[in-house]
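Each chain, letter by letter, is given below.
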Amino acid sequence: MRNRIIDKVLVVCISFVIILTTTVGAFDKPIQGYQISQYDIKVNIFKDGSLDITEIVDFTFLGNSNNAVLLIDKQEEEEIEIKAVYTYYKNEWIEFEKLAEGEWGANVFNGTYSEIQEGNLVRLKVYGVFTKQQAKILVRYSVKNAIKRYNDIAVYDRNHVQRYWEGYISNLAIEIHLPGAIESNKVKSYLHGVLIGEKQVTDSGIVYYTIPNTVPGEYVEARVVFPQYLVGNAAKTSSEKYLQTILEEEKEYLESDKSDLLRARENAAKEEGRRAAQEKQKKNLQIFSIIVSLLGSFLGIITIYRTNKVLKTGEKQESFTVEDIAVMNPAEALLLTKGKTGARGILAGLFRLSARGFVEISVKNDELSFRISENLEPGLLKAPDAKLLDLLGSLVNEDGFYRPSIKNITDNNSDDSDRIKKLYNKWNRSIRKEHSQNNILTDEQLYYRNLGLILGVILFVAGCIIPVMASIWSGYLMIPVGFILFNYALGMEKKTAYSASRIKALGQLKELFESHEHPGDKLPQWIFDINLAIGFAIALGVENRLSLLKGLESDKNNSMSINSKYLVDESFEEALGDLLKNAEAVFTEYTET
Amino acid sequence: MIFMFENLIWMLAIMALTAVSGILLLKNTPKKRLIILLAELALILRFVFIFIAYSNGTEYSGTDGLIYHQIAKDIAAQLKSGVPLWNVEYEYSWYTVLMGIQYAIFGVNRYAASFVNSFISILTGFLLMKIALGMNYSHKKSSLIGLVYLFFPSMIVWTGDTRKESMIFFLIMLIWYITLKVLKEKSPSIRKNVLAIAAVCLLMWLCTLLRIYMIYTLGIGLVACLMLYYFKRRQRLHLLFLFAVVITCIVVTFTTVRLNFRDYHALSIDATKSGDEDLEHEFDSIFSTILEKDIPDAINGFLTKPHLDEVPLITDIAANPPAILIVRLEMVFWYVCLIIAVFGVMYALINMDPYSIGLLFFIVAYGMINALICEEVPDTYYRYRATIIAPLLLFADYKLLINKLKALLLRRDSLESIRRLKK
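If you read the protein sequences in the order shown, they are chains A and B. Heads up, the first sequence is in the working numbering, so the first residue is 1 and it goes up one at a time. Heads up, the second sequence is in the working numbering, so the first residue is 594 and it goes up one at a time.
Derived by calculation from the structure, the hints in this document are not laboratory data. C-beta: ideal position from N, C-alpha, C; glycine also. Please note that the accuracy of each hint is not assured.
[Claimed, not checked] Listed below are the simulated DSS-like cross-link pairs for lysine-lysine, each with C-alpha atoms no more than 27 Å apart in a straight line: (1) 340/A - 825/B; (2) 723/B - 581/A; (3) 774/B - 581/A; (4) 886/B - 581/A; (5) 886/B - 282/A; (6) 74/A - 188/A; (7) 825/B - 426/A.
[Claimed, not checked] Sample of chain A residues lacking proximity to chain B, with all beta carbon distances greater than 12 Å (derived): (8) 44; (9) 309; (10) 482; (11) 581.
[As the list claims (entries may be wrong)] Selected chain B positions facing chain A (Cβ under 7 Å, derived; list incomplete): (12) 641; (13) 892; (14) 893; (15) 922; (16) 923; (17) 1000; (18) 1001.
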């Protein structure tokens, strides 16, 4: 029942997080097209009716694209030739290379451009070292047959911003140089496609257009009418007079319904509002996420502090010395010091069982083997020891001996392997169970332990998700805090009086093993039982120091000599080392996850 | 007609190879036949994608895939004209040489090259299953991980074309598979282990030739894994492996990386400099790119882009509603995987499992390099992120952590304590 409730709570929590994540776009920059902060166009009209155009475009946002795109107007009979493309990088203009059609190479992003002819326009794509979605581009191109020459007038008529170009431009300046100086009253200029913008004609033959900004749906068409003799070398489009037609067209444009342009402005204003709201929402969410992250991390730290305090205040001093270690199971000693049991625990346990007469150990040709004693009375054993005997029973060969070598395990069929694994896990669980039954936390300690475990997981998970979603640094703080809190709570049992006193005693025992001098009065009595000594040496990872115990023989003149059973020397240590290595290789695989 | 027949033969041969590989690699796997059948289905899906992708002709479709195809044709011509393999001139990556050899032997056929790529991707899926099994996942979970990888929509796209991605993913999985074998082998034979370590070092180098920064991402992952293994087990083999990896990283940095740095198009290079004009400038350029970035934003971009509302703006699938829907579904699925993987990551860290932590270091290193250096375009993030899908799937199991937590919370002493508190 309780399991089901926890499952349901988890499902709800995970679903909530998933829904939150799938709306990750809410945290992102609002989507928008190209943004240009400055657009300068300079047009030189030549006597032959051709044009030389230079455009300098300052992109402040490339619309999440990896290239800058310019659309160049191309009318019937016109020929457009891209002369050069530059980008402004580190205070200098760098010329780009042209890519042939379909060409795409490794050097594309080193500074290249491609031009694609698309009906009435040329699409110019520029690739380069653009960071932060910003780019400054200079394009020079020529247009042949651009000026329409009639009997009375010549007409310059170009779309500098296309109607379907989905971008925003600020500060658009167009400068058109007529082929020669001429009185301003002989030149007429018109601006179409935008509701706001100024134009000015000077006596020096230059026409200026200044448009503060354009929005998607608007376009910029500049039309300049000037005396046809200025382009005397250009071919005539028609021998008719055209001024009247132009005036009628302009009158028609003036009187036409411009609701589409108004709508474009309205839409842009709405879009701007939406974007501002989104930006504000993003900022608010970021602030909220920062506060949550910092509070969460603070809460985690406070919980660690409180848990530590509770651990210290709830502690009752327990007397446990090196002399008392003999009552412990070496596997439990391993669990206390290393947090696991494994192969060492099994072998240490087997030596302990041998000390109690339940297992016989023989040493032949530097190889150790174990056998269950015949005069066995299993009823005397505690659960972990009984389970270890069961495990040993499953490991022995036909001759009744267990020799921990890789070969006899790998030779086992999968049924045997499964049986061994099950018995191993049963033994492992019984050790842990016995340990937790002895090592009981107080109610308050348990409360903080459980709180730490839950809060630790929540903080870690939140620390992985929130900073990514909200793009904030502070969120990452929850990862280490959550992880430390979880581990601290998990290891609380190691810090109880029960554990602390035993860990301290085991540490002292380890020091004794490692010491070259063995003052007789400091040694516990049980250490003269060599099997028990070996068992604890394995559990503490000092089995390679056993030969140091040889000196004890002369220290103690009692009946029990340290070398009474085995010759504890370097070769014994080596055999023990091999035994451990082999057993570890096998039992690591069996460890439950 | 003959061309279609040739393609049919290729497809049948690849399907047969897939079945054979499945039988050999998935020994002792329950429901082996079903898994192989599903792998064949994944292969067929790739074939369908290839035919759709090349419907306008193999000479016009794609970007990188198209370049490699063109170069492979040139290499095939060189080989046919009698140029020995070791004297062949090629550009960009040795993957084009592989394609060139195939074209020289079987004739120029981009479909066939794509079919081979698809097969390599299926092999990657099988390796992923083996790795998952080696990481103590159950047979069921391991198979599921492998199959999810095989049916991941973007995987079908990136490994169906004549791009090098399929080979990169395969090499990465192979490196981690061999590492797992070395670390968990029950009967250690020195010769076998030394050969395996040498193979890992060689594969790291080959991977670097395909994507220049792979030496660092793989190096970081392997070093972390091997160091932890050494601290846990204190075996000389792990130390030897560790040294071999570190030495490979150093040697490859001063040879391959240095030589190929300028030609690598995914890194922003300072266009004001040219030729070998000081490698320092290249590094300066990279560092300035990194410094200019909003790093949390870049990490967000790498892991989560394209966001659902950006999907229709991806040029390759714009105005294609089924493709947009598939990519959107994949993105939702990816987010779910990411969240589930967080639990798997925490479990790996708690257990201090060296192999999982090594994989984690690899994923983080790859993610950071790409987030910091790659251009901030959703399509690019989407493509480069594909490399970490397979390793990340190895963490996509929330149950391990939740079960551990449940076991800890529902222990008898915990429950008794709660009962006492209630009273």
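Do the hints match the structure? See the list:
no.: 1; hint: 340/A - 825/B; result: holds (12 Å)
no.: 2; hint: 723/B - 581/A; result: holds (25 Å)
no.: 3; hint: 774/B - 581/A; result: holds (18 Å)
no.: 4; hint: 886/B - 581/A; result: violated (50 Å)
no.: 5; hint: 886/B - 282/A; result: holds (18 Å)
no.: 6; hint: 74/A - 188/A; result: holds (23 Å)
no.: 7; hint: 825/B - 426/A; result: holds (24 Å)
no.: 8; hint: 44; result: holds (29 Å)
no.: 9; hint: 309; result: holds (18 Å)
no.: 10; hint: 482; result: violated (8 Å)
no.: 11; hint: 581; result: violated (8 Å)
no.: 12; hint: 641; result: violated (25 Å)
no.: 13; hint: 892; result: holds (6 Å)
no.: 14; hint: 893; result: holds (5 Å)
no.: 15; hint: 922; result: violated (11 Å)
no.: 16; hint: 923; result: violated (12 Å)
no.: 17; hint: 1000; result: violated (10 Å)
no.: 18; hint: 1001; result: holds (6 Å)
When held up to the earlier numbered hints, the structure conflicts with 4, 10, 11, 12, 15, 16 and 17 and fits the remainder.
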